[in-house]
Amino acid sequence: MEKIAIVGAAQTKYESRKADQTFYDMVFDVTTAALEDAGLTLADIDNIITVSNDFLDGRTISSMAVGEAAGAHDKNISTVEGDGTFGAFYGAMRVLGGFRSTLVVAHSKGSEGNPQFISNAMFDPIYHRPLGLDTTSAAALQANAYLTRYGITEEQCAQVAVKNHGNARHNPLAHQPLEISVEEVLRSPKVADPLKLLDCSPVSDGAAALIIGNEEIARKAKTKPAWVKGVAHCAEEYFLGDRDLANPKALRDAAKRAYQMAGIRDPRREIDVAEVYDAFSYMEPLWLEGLGLCDPGQGGQLTESGLTAMNGALPVNPSGGVLSAHALLVAGLARLIEASLQIRGEAGAHQIPGVKTALAHGTHGPCGQSHCIWILGES
Amino acid sequence: MSAPELLTMTSPDVGMPYEWSIGIYGSKFFQEIRAHQRFVGIRCPQCGKVRVPPRRVCGTCFRELDELVPLPPTGTIIAFTIVNYPFIDPATGLERPVPYTYGYIQLDGADNIFSHIINETDETRIKVGMRVRAVFKPAAEMQGNIQDIRHFEIIEVKHGE
Ligand SMILES: [Zn+2]
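Top line first, the protein sequences correspond to chains A and B.
When you number the first sequence by numbering that gives the first Met the number 0, it's gap-free, plus one each residue, and the end is 378.
When you number the second sequence by numbering that gives the first Met the number 0, it's gap-free, plus one each residue, and the end is 160.
The hints are simulated quantities; they were obtained by calculation from the structure and are not laboratory data.
C-beta: ideal position from N, C-alpha, C; glycine also.
Please note: incorrect hints may appear among the correct ones.
[Said to hold, decoys possible] Calculated from the model, a selection of chain B residues having no Cβ within reach of chain A, i.e. all distances over 10 Å:
{"id": "1", "residue": "V13"}
{"id": "2", "residue": "R62"}
{"id": "3", "residue": "E66"}
[Said to hold, decoys possible] Derived pair list, reagent style BS3-like, types lysine-lysine, alpha-carbon separation capped at 25 Å:
{"id": "4", "chain 1": "A", "residue 1": "K74", "chain 2": "A", "residue 2": "K219"}
{"id": "5", "chain 1": "A", "residue 1": "K2", "chain 2": "A", "residue 2": "K255"}
{"id": "6", "chain 1": "A", "residue 1": "K219", "chain 2": "A", "residue 2": "K2"}
{"id": "7", "chain 1": "A", "residue 1": "K189", "chain 2": "B", "residue 2": "K126"}
{"id": "8", "chain 1": "A", "residue 1": "K2", "chain 2": "A", "residue 2": "K221"}
{"id": "9", "chain 1": "B", "residue 1": "K48", "chain 2": "A", "residue 2": "K248"}
So here's chain A without its partners, still in its complex pose:
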């Protein structure tokens, strides 16, 4: 593969309601900030990928409303309706296909629509939607299946919430930095058994942008490039009932291909930091199992053992993760940006020392229907 790199990035602060900003405003802010971060101008950007969802934005072909705010006037623009990591995947393909550079920008304002209604509308209208299934109740089913299969405890899930909200205290952009105890997570209101309020991510408003470039653009940018060593995605069945919810098969497939491309044989040893899509606390251990960073059923012990802590051997979600800021569609792109900042050594107070290889994970569809894995390196 020809060399491509992430050469610039920006995120808004994540908040529950950005009353003073339209999504057009947010897209403009992160686009200009990503260009400034890279030390590039719009003339260096060959094409634009936007990431949006018509239901969330409340308008048809929502991408067209943000094109000019994303600097797309007179440029080739295309859109992904899915998590931002998939938008970035499309962007990477375009650079590999001959463009010098792609700017990828994702936005959402959960505060403006009704995320519960929209996530219910993601399901099949004949068999599932009338029963009330939405992202949260589907996740609760997955948590029940996963905890039951391996004897993983609610305490172990609560430890993930404590760790990630704690890490968020070192990330000024996080929506919910919290100093909480396992007891407080366990005592928080039951949302859908076994999920309690503090096991669930907030709905945030926010936007993020990054620039992917070829070697020429990487040389021109003022940043240290975060080189793309491997990237892959995979999806599984739409009907939850066709899937084994406690075994993230699509994630295993995507991770295997990304590792292969990056030449990684022992991911547990070779990856220095991981940012994963922990929309609910149980997802972090489940995804770590799917990523092959531990054996199936062993994910629950990783927080307790300290392995995934900020100062552990494999820090996971030093930014605070999705549990601490969840702008839909944006959250995976944020993981990728955080991984690139770790490679650059510019993650601020949540920088992990000496990161050479970083993993970013995004997911889309209920209970991790599809996954996109990125491996970034410093050379």
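Use these hints to put chain B with the ligand onto chain A, whose structure you have.
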């Protein structure tokens, strides 16, 4: 300087009605419930898997399917969640009382998993692995939709059985 006054606009409270086709096998699924109070799945001739509700294609084998198989109204709980937040039922526009229990149920004879409501909201009385049975509406009240199944109920295991 005082903060500028920022206006918002609320959309009118109207929904957009759809008329979704249920298809030949989906129609059969609901017709079997009405006629025989039982389920129907579909078998793949290549991998042998029976999936419910029935659909036209086996995604794994990428083969068109046509062998419908009747399935009994009984199954096993694979996962469940007791939901504590309200839900506006899109079929009625009414808020469903909470809590309610959403079940992930493997019907006897099926290889994939079906989902529906289970009428048990006491977490000490429901467990993964329990046997359940579908409770249907009276045939005269059935409308050919998923609510023709009222819910699933836990099959009490009698002592000595
Ligand atoms: Zn088959």
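These are the hints, each one checked on the structure:
1. V13: holds (13 Å)
2. R62: Given a closest Cβ separation of 15 Å, the condition holds.
3. E66: Given that every Cβ of chain A is farther than 10 Å from that of B:E66, nearest at about 18 Å, it holds.
4. A:K74 to A:K219: holds (20 Å)
5. A:K2 to A:K255: holds (20 Å)
6. A:K219 to A:K2: Holds, at about 14 Å.
7. A:K189 to B:K126: Status holds; Cα separation ~18 Å.
8. A:K2 to A:K221: The given pair, whose Cα atoms are some 17 Å apart, holds under the 25 Å limit.
9. B:K48 to A:K248: holds (18 Å)
Of the hints listed earlier, there is not a single one the structure fails to meet.
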